[in-house]
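Chains as they are written, first to last, in numbering that gives the first Met the number 0: chain U, 0 to 498; chain B, 0 to 110.
Please keep in mind that the hints were generated in silico from the structure rather than gathered at the bench.
Just so we're clear, the structure is a prediction, and the values are computed from it rather than from any experiment.
No residue lacks a Cβ here, since even glycine has one placed at the ideal position from N, Cα and C.
Be a bit skeptical, because a hint or two may be false.
So the derived list for chain B, only partly shown, Cβ under 10 Å to chain U, looks like this [said to hold, decoys possible]:
(1) 37
(2) 40
(3) 44
(4) 57
(5) 61
(6) 68
(7) 70
(8) 76
(9) 87
(10) 105
(11) 106
(12) 110
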Amino acid sequence: MAELQGLPEEYRDMSLEELHREIRRMEQLIRLLKDKVELSEPRTSGPDTQDVDLHSTQKTETQTLPCRTNTARKEPGCTRSLKVQEYKRYGRQMIMPEVGLSGQLALKKARVLIVGLGGLGSPAAAYLAAAGIGTIGLVDGDKVELSNLHRQIIHTADNEGMEKVDSARKFLHSLNKEIKLVAHPYHLSSKNAVETLEEYDVVLDCTDRPATRYLVSDAAVIAKIPLVHGSALQTEGQLMVLNNPPIATASKKKGPCYRCIWPKPPPPQSILTCGEGGILGPVVGVIGVLMAMETMKILLPALRTNADESTRKGTPFLLYSAYLNPSFKSVTMRGARENCLACTTMANGRTLKNYGYDTFCGLSCPVNILPPDERMEPKAYRSISPTSGPAPILVDVRENTQYNICHIENSINIPWSTIREDPADAFQSMNKHIQHNGSSQVPCEICFICRFGNDSQLAVRRFREQQQKDSGLKFTCKGDIRGGLKAWREQVDPEFPDY
Amino acid sequence: MDTDSKSAQGLPIVVEFSGGLELLFSNQRKHKLSLPSRDGKGHATNMAYLVRYLCDNLMSDARQDMFVVDDTVRPGVLVLINDADWELEGEHQYELKKNDNVLFVSTLHGG
Ligand SMILES: [Zn+2]
Ligand SMILES: [Zn+2]
């Protein structure tokens, strides 16, 4: 082992794969440093260059950005050039000084992983494929659904039911046949995340729940690659570049990871998904597009220098809100946390072991607080015979917007949010509502219903509490409809809209 | 300077909520508040005071745990003082200044 004298300790135990990764990283760093020197030279090489004809911008530009698009490159990585059709395809971006031939070659050489092919991943993948990223990895374990299509623009109605990974590949291939697409048709887990990410230079987190967001970030820390993080809900979106740089350099500290910024997960009851809270297509789309741009900034050497300048103060965090004016706001976040679990323990151990992400984030369990005899199956409700008196009045506790989209005939709407905030007032208005509708026979029976059968149980419980305080509520509560409107559709009315 | 007249003047600040937190505060994103410039013990009004004040006086939703857990802002909420992470500013100990802007943002997870 004499020939290995002088090899730093940390490389002695590295696997072949890890060594290759280190080599790639250092090569990239060397390239950057050369670019930097090249860019700095004219500015520091004496007063002559400063004084020459400042009025001619063209001339000044040629001097400060020398030969970047052609002759100056001699390192081996840049001897490859593009195919004839690629010059034409990428011409409009290549003539940008921020890209140039060297930038286009950097994009071609790059390997980018997109985790999640939904509302964020779709536009991000489309722009990155179009820009000529040489290798794009696509991770998703889901299939295309009709309810995805208003925002997940690379999937089409013809591909309903197809694996999202295959549907995405089809679209991206038709867009650009010059690039390589790698399908990973599975959900990331603590078992496969690190090995998947290690094949790439940058990862985009386009997933949709806290557990996967911690997983992708932890794996990015271990794989030592930058992470572009985006998220969106309803009318708002958020964007951040994390773990960038993944390793401290002479001029820059290691960037924070997701865990550095948010060491503790939010309580499960505070999480709203797109399925529950809703999402506007262009809102999630704009964040996905910006994620593609941030990825290109990481990969393009010329742009990265500018980006580094702006991040010296802290980590920028971009907030978008469609209905605010101005719609965009950039705030400054903290840097890496010294005692961050991912950046210390996990990074040193180079493994996620079998870290339990679902346990860490907590699961919001389906509500199950009513005894079985207070829960009525939809078909049992439907089969109540008119001879045994009128069926209980259905009290639909979904939000008013949802009730207005579709509801069961003769049901009334008292949203759970109003019950939760002021049960006395909410049930009083229910009282009036029912009497106004002509159900003069009091006491009458009521039965709660909601979208999935969770809030309806909470409403039953709250109603019983309120009834003890308020003798005016002369209803007999029969409980709720088990499984809500989803079960109603399955058992009673297949035509009931599944929104 | 004269601390008495300072506390009498009050401390005007702007508090904003986003990422869904506005739903807990009468569905209103921007609130202009005037706080006393000293708390009950004569200390300068700081972020700890503000968080307590918001729970006691401004929150319209009864679910306090959607905003505060263990006497501090719950995990998943970013606090920004004049557009910078409050961890850069001293968190609870940060003493509020006239016309400060404090933004509470819930992190989003959808995509
Ligand atoms: Zn080069
Ligand atoms: Zn970290």
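Checklist entry - Which of the stated hints cannot be reconciled with the structure, identified by number in ascending sequence? => result Failing hints, ascending: 1, 2, 3, 4 and 7.
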